[in-house]
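Chains as they are written, first to last, in my numbering: chain B, 8 to 245; chain L, 101 to 349.
Calculated from the structure, these hints are not laboratory results. Incorrect hints may appear among the rest.
To be verified - The following label-pair restraints were derived from C-beta to C-beta distances:
| hint | chain 1 | residue 1 | chain 2 | residue 2 | range |
| --- | --- | --- | --- | --- | --- |
| 1 | L | Ala164 | B | Asp156 | 48 to 56 Å |
| 2 | L | Leu268 | B | Gly21 | 40 to 48 Å |
| 3 | L | Leu196 | B | Ser24 | 49 to 57 Å |
| 4 | B | Phe169 | L | Ala164 | 28 to 36 Å |
| 5 | B | Ala110 | L | Glu218 | 27 to 35 Å |
| 6 | L | Gly107 | B | Gly115 | 21 to 29 Å |
| 7 | L | Ser184 | B | Glu111 | 49 to 57 Å |
| 8 | L | Ala164 | B | Gly21 | 22 to 30 Å |
| 9 | L | Ala176 | B | Asp156 | 31 to 39 Å |
| 10 | L | Ala243 | B | Ser24 | 45 to 53 Å |
| 11 | L | Glu333 | B | Ser19 | 49 to 57 Å |
| 12 | B | Gly113 | L | Ser184 | 40 to 48 Å |
| 13 | B | Glu111 | L | Ala243 | 43 to 51 Å |
Stated by the list, open to error - Covered stretches of chain B, going by a simulated chain L footprint (3 or more residues, C-beta under 8 Å):
| hint | stretch |
| --- | --- |
| 14 | 34-44 |
| 15 | 108-119 |
Each residue gets a CB set at the ideal place from its N, CA and C atoms; glycine is no exception.
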Amino acid sequence: MSGLRVAIRGRSFGDKSVLGEIGFDLEPGERLALLGPSGIGKSTLLGIIAGTDTGFEGTVTRPDGRIAVVFQTPRLLPWRTLAENIAVVPGAGDLDRARSLLAEVGLGEACDMHPERVSLGMQRRAALVRALAVDPALLLLDEPLVSLDPQSVGAMRDLLTFAMDRTGATVVMATHDRREALALTDRIVELGGTPARLVSDRKSPLGRDARRDPRQVDDVYREWFEPDSFEPGGGAAA
Amino acid sequence: MGTSTRGIWPALSLLALVAIWVGAAAVADAEKLPGPVDVWRALLAQVETSGYFFHLGITLARVAAAFLIAMAIGSAIGIALGVSDVANRVFSGWLLLFLNLPALVTIILCYVWFGLNEAAAVTAVAINKIPNVAVTLREGARALSKDLAEMAAIYRFDFSTRLRHVILPQLAPFFAVAARNGLALVWKIVLVVELLGRSNGVGYQLYLYFQQWDVATILAYALGFIVIVQAIELAILARWERYANRWRR
Ligand SMILES: Nc1ncnc2c1ncn2[C@@H]1O[C@H](COP(=O)(O)OP(=O)(O)OP(=O)(O)O)[C@@H](O)[C@H]1O
Ligand SMILES: [Mg+2]
Numbered sequence: 008m009s010g011l012r013v014a015i016r017g018r019s020f021g022d023k024s025v026l027g028e029i030g031f032d033l034e035p036g037e038r039l040a041l042l043g044p045s046g047i048g049k050s051t052l053l054g055i056i057a058g059t060d061t062g063f064e065g066t067v068t069r070p071d072g073r074i075a076v077v078f079q080t081p082r083l084l085p086w087r088t089l090a091e092n093i094a095v096v097p098g099a100g101d102l103d104r105a106r107s108l109l110a111e112v113g114l115g116e117a118c119d120m121h122p123e124r125v126s127l128g129m130q131r132r133a134a135l136v137r138a139l140a141v142d143p144a145l146l147l148l149d150e151p152l153v154s155l156d157p158q159s160v161g162a163m164r165d166l167l168t169f170a171m172d173r174t175g176a177t178v179v180m181a182t183h184d185r186r187e188a189l190a191l192t193d194r195i196v197e198l199g200g201t202p203a204r205l206v207s208d209r210k211s212p213l214g215r216d217a218r219r220d221p222r223q224v225d226d227v228y229r230e231w232f233e234p235d236s237f238e239p240g241g242g243a244a245a
Numbered sequence: 101m102g103t104s105t106r107g108i109w110p111a112l113s114l115l116a117l118v119a120i121w122v123g124a125a126a127v128a129d130a131e132k133l134p135g136p137v138d139v140w141r142a143l144l145a146q147v148e149t150s151g152y153f154f155h156l157g158i159t160l161a162r163v164a165a166a167f168l169i170a171m172a173i174g175s176a177i178g179i180a181l182g183v184s185d186v187a188n189r190v191f192s193g194w195l196l197l198f199l200n201l202p203a204l205v206t207i208i209l210c211y212v213w214f215g216l217n218e219a220a221a222v223t224a225v226a227i228n229k230i231p232n233v234a235v236t237l238r239e240g241a242r243a244l245s246k247d248l249a250e251m252a253a254i255y256r257f258d259f260s261t262r263l264r265h266v267i268l269p270q271l272a273p274f275f276a277v278a279a280r281n282g283l284a285l286v287w288k289i290v291l292v293v294e295l296l297g298r299s300n301g302v303g304y305q306l307y308l309y310f311q312q313w314d315v316a317t318i319l320a321y322a323l324g325f326i327v328i329v330q331a332i333e334l335a336i337l338a339r340w341e342r343y344a345n346r347w348r349r
């Protein structure tokens with residue numbers, strides 16, 4: 008099984024250069040967090056990795072197998088129920104399988120409801136189930152925890168861990184929340200500057216069990232990020 | 101306002117209209133404005149002697165044929181123009197031309213070129229409606245969500261899945277608008293087509309009784325027509341729209 012190789016030379020929209028030179032390799036099953044402030048180009052980079060954006064210079068080599076994306080907005084089909092949204096995906100199985108997968112993430116009651124009639128947190132979970140259902144080799148997550156209430160954040164974080172463990176996929180997760188990055192991934196890269204480049208690339212000292220402990224996450228957080236501790240919207244894990 | 105009282109209002113307002121009609125007919129010359137009773141008698145006479153339902157039916161059949169042809173061709177053209185920038189740049193001028201072509205010109209040309217036959221009549225009606233459908237569906241195709249298209253690509257939706265679950269549901273409201281507007285237009289044009297070149301149908305009957313100055317019979321056909329149009333609106337279009345919108349909050 009192969010991992011992910013990203014070697015981007017640049018991406019611009021018109022004469023606005025958004026991404027500069029960005030390169031990294033991931034081992035199969037490795038989990039990477041893509042940190043950076045809003046508007047830096049995280050979603051753009053994920054689009055390139057996913058293959059939906061082809062207007063960039065450089066190359067991306069993806070692992071063999073399917074790709075799944077949990078987009079920044081859930082992107083469910085509003086005219087299909089949650090279960091149908093999963094069952095229409097080729098290779099995701101039938102309605103019964105969709106219902107039982109949804110039940111596993113606490114959506115057993117809601118599985119026959121339409122997306123607009125359930126909360127954003129539930130839509131997010133359904134979108135994550137859709138990603139799980141295709142058993143992806145590469146899983147891309149775009150701000151999966153943003154704009155959820157603190158309780159849902161905790162539940163969703165557990166669910167993400169469960170999803171990543173279950174599929175064993177190579178993962179790239181975009182986020183602006185450093186604690187979230189530490190709590191979920193093996194390796195953290197930071198985007199900065201215009202056009203955006205990698206300003207740091209660090210392996211997390213926390214193993215997959217250790218990172219479930221908020222205190223250990225806090226310790227690494229202080230060690231890594233405390234000098235510039237001001238972080239609007241951060242601290243959601245506190 | 102409760103739903104029970106809301107349902108009464110249209111009925112009351114219709115009743116008021118009938119009352120005004122009765123009043124006006126009492127004052128006016130009976131030949132120019134016959135009252136409801138005279139119209140009802142004329143209708144019964146038509147049913148018995150002149151094939152009232154035959155004429156309504158044949159008009160209905162022409163409407164159905166022209167409507168279906170126009171919806172199919174108009175949608176295909178509209179979607180193609182909405183999806184492809186090149187196609188739109190090349191053909192939007194044509195669309196504008198056909199949109200502004202007077203209905204009467206299309207009808208006359210169709211009869212001249214294809215002869216005074218059924219095919220020419222239906223074609224003439226359809227051609228009048230195609231540009232309207234195309235313009236509406238072009239808007240729909242332009243508004244197709246890029247986000248959902250990307251999602252469908254990532255999750256490897258095949259063509260028919262994409263069509264059924266992603267594209268057509270987004271176009272449904274536009275189909276509904278095109279159908280509604282289109283039906284209203286087709287109803288009106290089909291009568292002119294019949295009047296000019298057919299020897300049956302409601303349009304032809306209206307022409308016939310216009311020559312005899314028989315207003316009661318003319319109103320009898322008009323009423324039957326209105327009832328059928330409304331029935332189709334309520335029974336088919338409204339129901340389908342409700343079904344297509346069931347997922348909305
Ligand atoms: N299709 C596009 N056309 C023009 N500019 C674009 C396009 N897509 C993205 N951009 C620009 O690229 C920059 C990066 O956008 P992107 O959505 O990737 O940021 P982000 O890091 O994901 O931000 P956020 O955290 O708010 O989601 C922004 O300045 C945006 O305006
Ligand atoms: Mg983004």
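How the hints compare with the structure:
Range check, alanine 164 (chain L) to aspartate 156 (chain B): about 54 Å between beta-carbon atoms, so the 48 to 56 Å window is met. Checked against the given bound of 40 to 48 Å, the beta carbons of leucine 268 (chain L) and glycine 21 (chain B), roughly 34 Å apart, lie outside it. The beta-carbon spacing between leucine 196 (chain L) and serine 24 (chain B), approximately 40 Å, falls outside the hinted interval of 49 to 57 Å. Take phenylalanine 169 (chain B) and alanine 164 (chain L): their Cβ atoms lie about 55 Å apart, and the range 28 to 36 Å is violated.
Taken as a hint, the range 27 to 35 Å is violated for the pair alanine 110 (chain B) and glutamate 218 (chain L), whose Cβ atoms sit roughly 59 Å apart. The hinted range of 21 to 29 Å is not satisfied by glycine 107 (chain L) and glycine 115 (chain B), whose Cβ atoms lie roughly 40 Å apart. In this structure, serine 184 (chain L) and glutamate 111 (chain B) break the distance hint of 49 to 57 Å, their C-beta atoms being roughly 43 Å apart. Taken as a hint, the range 22 to 30 Å is violated for the pair alanine 164 (chain L) and glycine 21 (chain B), whose Cβ atoms sit roughly 50 Å apart.
Against the hinted window of 31 to 39 Å, the Cβ-Cβ separation of alanine 176 (chain L) and aspartate 156 (chain B) comes to about 47 Å, which falls outside the hint. Between alanine 243 (chain L) and serine 24 (chain B) the beta carbon distance is about 30 Å. The supplied range of 45 to 53 Å is therefore violated. At roughly 52 Å, the beta-carbon separation of glutamate 333 (chain L) and serine 19 (chain B) lies within the given 49 to 57 Å, and the hint holds. Glycine 113 (chain B) and serine 184 (chain L) have their C-beta atoms about 44 Å apart, which keeps the hinted 40 to 48 Å range intact.
In this structure the supplied range 43 to 51 Å is violated for glutamate 111 (chain B) paired with alanine 243 (chain L), their Cβ-Cβ distance being about 36 Å. Given as covered by chain L, the stretch 34-44 of chain B fails the check, having 0 residues with a CB less than 8 Å from a CB of that chain where 3 are the minimum. Against chain L, the stretch 108-119 of chain B contributes 0 residues with a C-beta closer than 8 Å to a partner C-beta. That does not satisfy the three-residue criterion, and the hint is violated.
Violated hints, in rising order: 2, 3, 4, 5, 6, 7, 8, 9, 10, 13, 14 and 15; the structure is consistent with all others.
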